[in-house]
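Undergrad: Take these sequences, add in the hints, and give me the full structure.
If you want the building blocks of each chain, they are given just below.
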Amino acid sequence: MDLDTSFGGNQSRFPETRRSAVIDFTSGDPSVRERAAEALISAYWKPVYKYIRVRWGRSNEDAKDLTQAFFTRAFEKESFRDYDPKKARFRTYLRACLNAFLAQDKQAAGRIKRGGDARVVSLDFETAEGELRQHDVASGELPPEEYFHREWLRNLFAMAVDELKRACEEHGKQIQYRIFESYDLREDGDKPTYGSLAAEFDLSTATVTNHLAAMRRALRQVVLERIRETTATEREYKSEVRAVLGIEV
Amino acid sequence: MSWLPDSVVDHLREAVTLPDFSATRYELIGEIGRGGMGAIYAGRDTQLDRRVALKILTVLDEDSQASARMAEEARILARLEHPGIVPVHDLGRLPDGRIFYAMKMVEGQRLDAYAQSSASLQERLRVFSRICETVAFAHAQGIIHRDLKPENIMVGTFGEVLVLDWGVAKITGIAREFRAADAPARADTLRGTVIGTADYMAPEQASGAIDQVDARSDIFALGRTLAALVAGAGPPQRLQAIWGKAASPDRAQRYAGALDLSADIERFLGGEPVLAYRETVLEWLARLIRRNQPLVLLVAAYLLMRIALFFFTRR
Chain A
1 MDLDTSFGGN QSRFPETRRS AVIDFTSGDP SVRERAAEAL ISAYWKPVYK
51 YIRVRWGRSN EDAKDLTQAF FTRAFEKESF RDYDPKKARF RTYLRACLNA
101 FLAQDKQAAG RIKRGGDARV VSLDFETAEG ELRQHDVASG ELPPEEYFHR
151 EWLRNLFAMA VDELKRACEE HGKQIQYRIF ESYDLREDGD KPTYGSLAAE
201 FDLSTATVTN HLAAMRRALR QVVLERIRET TATEREYKSE VRAVLGIEV
Chain B
1 MSWLPDSVVD HLREAVTLPD FSATRYELIG EIGRGGMGAI YAGRDTQLDR
51 RVALKILTVL DEDSQASARM AEEARILARL EHPGIVPVHD LGRLPDGRIF
101 YAMKMVEGQR LDAYAQSSAS LQERLRVFSR ICETVAFAHA QGIIHRDLKP
151 ENIMVGTFGE VLVLDWGVAK ITGIAREFRA ADAPARADTL RGTVIGTADY
201 MAPEQASGAI DQVDARSDIF ALGRTLAALV AGAGPPQRLQ AIWGKAASPD
251 RAQRYAGALD LSADIERFLG GEPVLAYRET VLEWLARLIR RNQPLVLLVA
301 AYLLMRIALF FFTRR
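Going down the list, the protein sequences come from chains A and B.
In this text, residue positions in the first sequence follow the working numbering: the first is 1, and each later residue adds one.
In this text, residue positions in the second sequence follow the working numbering: the first is 1, and each later residue adds one.
Treat the hints loosely; a few may be bogus.
One side of the interface only, derived from the structure: several residues of chain A facing chain B at Cβ under 10 Å [to be verified]: (1) Thr127; (2) Glu131; (3) Arg150; (4) Leu153; (5) Phe157; (6) Met159; (7) Val161; (8) Asp184; (9) Arg186; (10) Asp188; (11) Asn210; (12) Ala214; (13) Arg217; (14) Leu219; (15) Val244.
Far from chain A, some chain B residues (derived; all Cβ distances over 12 Å) [to be verified]: (16) Asp49; (17) Arg51; (18) Ser118; (19) Val168; (20) Thr172; (21) Ala198; (22) Ala231; (23) Gly232; (24) Leu259; (25) Glu266; (26) Glu272; (27) Arg278; (28) Leu282; (29) Val299.
Computed Cβ-Cβ distance ranges for the label pairs, DEER-style [stated by the list, open to error]: (30) A/Ile175 / B/Gly30: 24 to 32 Å; (31) A/Asp188 / B/Arg93: 29 to 37 Å; (32) B/Glu107 / A/Arg186: 30 to 38 Å; (33) A/Ala88 / B/Ile32: 30 to 38 Å; (34) A/Ile175 / B/Ala113: 42 to 50 Å; (35) A/Ile175 / B/Asp49: 30 to 38 Å; (36) B/Asp49 / A/Ala199: 19 to 27 Å; (37) A/Glu76 / B/Ala23: 48 to 56 Å; (38) B/Arg50 / A/Phe201: 29 to 37 Å; (39) A/Asp188 / B/Arg126: 44 to 52 Å; (40) B/Gln116 / A/Gly172: 55 to 63 Å.
Calculated from the structure, these hints are not laboratory results.
This structure is a prediction, so every number in the text was calculated from the model and none was measured.
All C-beta atoms, glycine included, are put in the ideal place defined by N, C-alpha and C.
TA: Here's what the structure looks like:
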């Protein structure tokens, strides 16, 4: 089984090939711009929310409003249009925009109009708040840039795992996903052996390792597509892949 | 959305790039090191039940120049059957298209670490001499290493050496016949391309004059390697002259071959005059005395006795 190519056949290629939302965000077509905005929000709202909560020490309610306001303002004012990939990575630029926005809000003693005029993005803040409670103590002590990077990575992999899970359900590969979930999504002390997985799923050990390898390959492809979506140039894409996965593409 | 703890995120980052050896005879044990375009893993050959080292590309593009280069590196190594060159057991491709090859698991320490050890000057020079012999063997096969440096050389417990990382080797003359027929033209052979490591790179290599890169470029790197190996041991002038000649900016002034360099090292070890250094009469005398210490002591004792006798009989 080769998940990279056979997942869904020609009709619905898995993983979906993604375009750069950073580039699409500058498109003249409102529908393209809308899709790009959604992609950027999905990739960044959680890191932004957690960053505001943990690194800026804002309350739950404040952080919700500020997250909404940050994205709404960024899209209204088209702040991301000023991004120059030659100067920094997009996530570094976004964090700089966020810092400037929060500093401005602090100076104006919270006068920034929360929630925005045009739209309120529907985000699952309760889940994000719940995740914050599960955070490792050490992660809150990281320098701001590292903390933001860490949360961005967590969100990137969480989105990719969810996408993989959906695709497996759609294409009847639940067993493969459950093997992957049982082995790769468990913490180190909790991992089963290949042998116990083989017994649990009534498969040979070789089949278990094959399924696991195929799932990892598929997840890698999803992660690569997600990185492509949040980078503007081939150079930035390669640099992010190197930073996230330590490989050359 | 799934909640992933830090440890799971870290595991996934590693797991999704782990080479998939499930369709091969090898089992992955763990990563040993990585650099440039490749990573080396410790593995186990399940058929022969022995430990092996597995080198794999970290580049995902299966048609890349890097793939061709790694396949060529494996072929070069397979041809270079010498105790100083790590033997290659197997060359293959993983399901994701990446090239890998299996080789003997090398035990020992890198030459840069060895240079920091308490090994004596003589031991270091014997090790260096073995490196020269290995490089000379490769040169005789038409292979120029092009990236010789302490980090690419391993020293075993008994002073045996292994020259590693032939990934940027240049194939010349006779060796060309052995290149794969379908091997694509290598970009690094284009004039103006710089390959190697700055501190150890000969001027002709650093300037990208590919057509001027030959065995003498490796001699330059060997000269720099010698300096790094013995510099901390207070080397005498004659030895400094050896690495000065080897690493001369003018390639016509360098040793013509690695064996010539090795021979000068052997002469130095044997207390004989070296090609790289013209001695003064005093230095010649001092070296002669050092080399023939028992005889000199004997003659000196004899002369002292004669002088003593001379004065004693005159009284």
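Undergrad: Which hint numbers doesn't this structure obey?
TA: none
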